Amino acid sequence: MKLRIRFQIESHPTLLERPHTALDLNNDRYSSTSTIEPVIKKNKTLFIMGATCTGKSKLSVDIATHFQAEIINSDKMQFYKGLDIVTNKLAESERNGIPHHLLGFVEDPEADFTAQDFSNHVNSTITQIINNGSLPIIVGGSNNYIKQLVESPSSNFKEKFDSCFIWLDVAVPVLYEHAAKRVDLMVQSGLVEEVRSMVEPGSDYSRGVWRAIGVPEMDQFLYAEKYNADERMKKIFLDLAIDRIKENTCRLVDSQLRKIHDMIYELGWELHRIDATSVREKDGEEAVEAWNKEVLEPSLEIVRDFLQG
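In our numbering, the protein residues as written are 1 to 309.
Everything labelled a hint here was simulated from the structure, so no lab data went into it.
Bear in mind the structure is a predicted one, so any value in this text is a computation, not a measurement.
The C-beta atom is built at its ideal place from N, Cα and C for all residues, glycine as well.
Just so you know, not all the hints are guaranteed correct.
Keeping only pairs whose Cα atoms sit at most 25 Å apart, straight-line, the calculated DSS-like set for lysine-lysine is [stated by the list, open to error]:
1) Lys246 - Lys81
2) Lys158 - Lys42
3) Lys160 - Lys42
4) Lys282 - Lys58
5) Lys259 - Lys160
6) Lys147 - Lys158
7) Lys160 - Lys41
8) Lys282 - Lys293
9) Lys147 - Lys259
10) Lys147 - Lys41
11) Lys41 - Lys181
Here are the in silico distance ranges between beta carbons for each label pair [stated by the list, open to error]:
12) Ala91 - Glu294: 23 to 33 Å
13) Glu289 - Glu110: 15 to 25 Å
14) Asn96 - Gly133: 15 to 25 Å
15) Pro153 - Arg182: 17 to 27 Å
16) Lys226 - Ser206: 16 to 26 Å
17) Met198 - Asp112: 11 to 21 Å
Work the whole structure out from these sequences, hints included.
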């Protein structure tokens, strides 16, 4: 039986789309459907979920551009400062002026930033965003962190917030192919140079941002460079590293999808699935048109209904 995350509450007034003035979403306002029992208005939060390479970051910015919203990162490797190419942080130029929180703020690359740390930071950040009159959008692929935030009894998240979950999905074979292409683009954009500049061979790849896909796979290549291996050997190790990055990215896709399925079928979360497969199968203007028609428009409709409901 599929349960539904639905909060039986009186809704907020519609959150006006930009450029109108934002509404006050503070939860100290009460109203009632009768003269006897007041109903607490819960604050709204929006989650954008999905496997890597599906377009979650772009969708969050597109939605935040239409509504008064701010974005909270929930990708555990993007919490750390540096390695922007490896961790695929959204460039400043791609953020469209939307405030982003919990992005590149952990200074120590070996720090252990746990799911509980994330929950603590997110709760205070959500309060800040709501006090700004904006909608918090939590976006990222670290599903264990999202689960901890929503399900932990100590956080009372489900009691405090009315939440909407959008799941951006792409057919797995198409996603594998796109992930491999993205790794090639990351290499062209300077992934090797970025890792070389920050990481020593033999580092502890179980710590902090050194765990990110794209770092431990480079270890043999870094050793080959350090000990002046010939160019043929360095190329062999680099090609092997790139292949492993692609393989591990596909494994990450599998893991992320399993966790999303667990949220649906074991925890009973109601996720609004948006199929972005055709976007990843197209290029250029056709991809833009498919994004707007098949991803952005239905997502905006979901958010409008959520804010009005």
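Which hint numbers doesn't this structure obey? Numbers 11, 13, 15 - these are the hints that the structure violates, sorted from lowest upward.
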